[in-house]
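Spelled out from the first residue to the last, the chains are:
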Amino acid sequence: MSSAVLERQSWLDGLRASHGLGAAELTLPPSRQEDWRFTDLAPLLQLDPRGLKPCGSASSAAWPEPLADVVRLQLGADGLSFCLAPGSQPLPDDAVLTGVEPGQASGLPCRLHASVPGPQLQLALAANARLRLELWLQPEAAQALLAPRLRFLLADNAELELALRISSSASSLCLPWIEAELATGANLVEGQWLQGDEGAVLMAGSSIRQQPGSSYSRTAVVQGWALARQEPQLLQSAGGAETCLRDLAVLNGTAIADLHSLVRFDGPDGRLDQLQKALVDGRSHSIFNGTVQVPRAAQGTDAAQLSRHLLLSEQAWVDTKPELEIVADDVRCSHGATVSSLADEELFYLRSRGIDRPAATELLRRGFCLEVLNQLPPLAAGWHPWQGSSAR
Amino acid sequence: MSESPVLLEITDLRASVADQEILCGVNLTVRAGEIHAVMGRNGSGKSTLSKVIAGHPSYTITGGSVRFRGQDIDELAPEERSRAGVFLGFQYPVEIPGVSNLEFLRVSTNARRQAQDLEELDTFSFEEHLQQRLELVQMDPSFLERSLNEGFSGGEKKRNEILQMALLEPVVAILDETDSGLDIDALRIVAEGVNHLAGPDNATLLITHYQRLLDAITPQFVHVMAHGRILRTGGPELALELERRGYDWVDAEAGISSRSPEVMA
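First to last, the sequence lines map onto chains A and B. Oh and the first sequence: position 91 is 91 in the numbering used here, straight run, nothing missing. Oh and the second sequence: position 99 is 99 in the numbering used here, straight run, nothing missing.
Fair warning: there could be bad hints in the mix.
Here are the simulated DMTMM-like cross-link-like pairs (lysine to aspartate or glutamate), alpha carbons at most 25 angstroms apart as the crow flies [what the hints assert, rightly or not]: (1) B:LYS157 with A:ASP356; (2) B:LYS157 with A:GLU362; (3) B:LYS157 with A:GLU371; (4) B:LYS157 with A:GLU345; (5) B:LYS157 with A:ASP13; (6) A:LYS53 with A:ASP13.
Derived from the structure by calculation, the hints contain no laboratory data. The structure displayed is predicted, hence computed values, not measured ones.
Chain B extracted, bound-state conformation (with noise of 0.2 angstroms):
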């Protein structure tokens, strides 16, 4: 596995926001093939990380370097991002009124395209592709003719964030809570669909709180964040003994208080 590509490559990864401080000094290497989880308290800079490489403008990196597919990021529109394979599914993906979720499935679909070589979709090629991705996700094509997300339940939209991962095939895809707001079922539906799209030539980043995710997508990297860094690495075992023995181990182990003030998520 060691002899895959690396995708995406953080180099003592520095970031703010408002003037403060929230990620200081992140390490993380992603190769093909790969899943990786980060796991972290509330507040530990998880959501931050994820927001950061998917380029969101209110954050600045104050120091080291996002590098994707040995290409330097930091520079690069959020768009830009998106359309080189950069995929962020959101913790809380935003209600967007009169914004058809069809028509902004299928003008996100050929803005990736486009940077893949690939032709575009008209309407009616599109309905066709969406078919086969609509089935992976279970979802009920209804909700392709409401406003995007607008009154979606918590795992309608998390369905259409894997829905929209299925559609974009990203290169690195990262996963912000998405197990979170949601049942058993839907859990297993996106689980399922995660796995059925991760592949030898992408990279998955796991952020979640909980090992039930993990039961259901095995990473192959377990990295524990706390205070902006990545304070410890392992292997799936490393999520059962953080489940155990939750967080405070970690940050002695570290030689972090845990009474630290914590930054903002």
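Isolated chain A, as found in the complex (with noise of 0.2 angstroms):
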């Protein structure tokens, strides 16, 4: 057995005897294999398996109040349970905190997601129902390991606006685990913040199932990390839905992120916009796949899929695949993948206007980056630092 082998099992068998759940079932992917042939694992297996325990908030003190119409839940003292934010309006009547069920996925992120414990939020919306849902986890202490499992059920015409915040000191470990079913009709509106330091690691992972005529929206904003691998997935169970993916991913250092989505319609006339960016600097290391299936019960669909990089360093890295699998045959189905550095002339026209070079730069750094965080959803649209100084 190699010696990283040996070292996957040893951070598993840790992870076993702190948690003693379902962890033996569960194995780290070889690099070899072609989902994780790009992604470096070290950070994960860096963290301590056993010093990884749940915790409590940070104070929220400091957080501004709730809007009037909205629910906002942080984590409970034990770091296993959420609790309503001082402020805050009470949940629904159907809402439920405990004993949720992971559904059918698949994937790293969904099966260590399932060997430990974490808060958990079941909630079911009647038809044409609304709410507005705000989740701010900020475990307090560092080695925090954070197992969010929130589950939505949304009946016909119901809406959700859910902003999810995360905020993870070094040397923890974040498994936010999102599942939806969304019903004709229904609409899904997600923002999610997804901060962490240098040392922490992010293994995120959704499964959202529509019905036809039901809508999902979805931007996500990473930022920090040492590694952030993100599996969205997507079913559009009969076609006929409409799916919007935004990704941002802002990296220094020697940060990774890595974002797999898998986007699949079986029934016609589904549409998809997905866009992904990543600002990539120092020696960070940025991975896209999206994969689209298209097979022959989802003529007509509409999906176009678009990968941008700015890479702003000679020492930083971009992988980036676009995987469209498309069998029928009356689709327009549209792919594209772009790696840039910043671009002199824009640069020039700038500076011509007198701005300097930094400020310039900064400029278009933040010109980048506000294409997608435009699109966060009001709910989480102050969370990104230059709110306000958006163009539309």
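Make one complex out of these two single chains by using the hints.
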């Protein structure tokens, strides 16, 4: 057995010893596995699996008050439950705060998540119901283990605006998992702000199922982290739904951000609009793998996917791979990928107006990011530092 | 007019890009209160001249000098030249998604004001300051809320350039083919803006192919550029003659074959 395999085995043994749960069947993928070919798991292995513990929320005293129509949840004192934040509206009666069973999903983030305890929320919105929900998850201590499980069931024409904010300190492991089922006409608008210290690891996943006529929009921002792997999986189970994905990673140092998305259309006339962007500086590494599956039943699908990277350093690295699997013959599917550095002509234009090079560079960086940041839902719009300076 | 101070003095200027010499000895003197027009074929070096004056980093000055108000500006960065009062109106203003036009205008205006020892304008004050300049170029205020030049028509981009010129109040404004891509109404509006901004203490250098811009903005001096040099200088009548006769006769009088390889713009 190679030393790399032994190291992974040892790490998993530590996790089992610590939590004694279902980690027995868990394995870490070898680097030869296609889905993990570019992703260095070293930051995960550098965490001490025995030291990782759930812990309560940081003080919310400095947080702004929730808006009048908003339910805000934060971590309970044990880190294993959610509780209402001060000033929050109460949860709807049909919200369940424990015992949420994960549905069918694959992938390491899901398996890791299922192996450890964490706070849980299941929420069913009745037909035509509306809810605005914030989750501020900021564990207080280092070496925090945070594995929130969220499950949303939206009946016909229900609307949910969800804003998820995770801020994690060094040497912690965050394993958020979100599931949603959207009935006809349901609308889920989701904003995620995922910020981690340079030693923290994020393994995030989601499984969204959409019925025809439903709409799902996700805007996720990743900043920091030693390793951030996200695996959003979406299924339009009978086509005819709308899906909009916006992702931004802001990377520096030796950070690794990896977005592996999967969108599948199992019926006709589905729509997808996907934009992934990353600003890659220092010696960081951005990975994008966007799979779109359009089987024969998915005639009339209209899917567009674009990956754009801004490379700011000679040591930074990008691997981007759009992956469209199209069997249906009457579809409109496009994809594109660009990797570029700051454009000299843009820099000169700004400098010729008296803006010095550092300020011009910052303006261009900001402009690159704002295309995604502007799409954050209203509840999360204030989380980015350039709110109010955006151009539309 | 000859009594007025020299604002821009270009002496035997040579410049190259990627080891190809584009400017081969340009001489030009611009005084306060003057409007100059530089004309010439495509590839004669007109746009290169404007970029070299503005400090484009892709161009290397290999000889001669550019002096602005008596100071050699060869070593100044583009932003330092701008703050000192040099303005380049671009032939093709770049589109920068995500950068708010309004914020860009405010930041650049404050950079210039700082150099003029004027108080910086906060967001509120700047919008007041902006209002009358917007009227000058008859620009729809909704363009301020958009990304810089993104999705603007050719005419809107050029109006935005003149708006920047109005805000920065340059000492020497170089307008590189500001008339290209403009319809008749837009050309009139832009020309009115330039005429309004021209005064006894500043100077304008128009780079153009066409007499139609010079019908609206009357220069005191017209220069003909070819092969990286100014071959001939005259009054407004020279532009009319060029319109009538083309450029071959200028080349012939200067003893240059019109079939010589063109330099890049």
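For each hint, the structure was consulted:
Restraint check for LYS157 of chain B and ASP356 of chain A: the C-alpha separation of about 22 angstroms stays at or below 25 angstroms, so the hint holds. Note on LYS157 of chain B and GLU362 of chain A: the hinted pairing holds, with a Cα-Cα distance of about 23 angstroms set against a maximum of 25 angstroms. Restraint check for LYS157 of chain B and GLU371 of chain A: the C-alpha separation of about 21 angstroms stays at or below 25 angstroms, so the hint holds. For the hint linking LYS157 of chain B to GLU345 of chain A, the alpha-carbon distance of about 16 angstroms falls within 25 angstroms, and the restraint holds.
Between the alpha carbons of LYS157 of chain B and ASP13 of chain A the distance comes to roughly 63 angstroms, so the proposed pair goes past 25 angstroms and is violated. Taking the CA atoms of LYS53 of chain A and ASP13 of chain A, the gap is about 15 angstroms. The hint holds against a cut of 25 angstroms.
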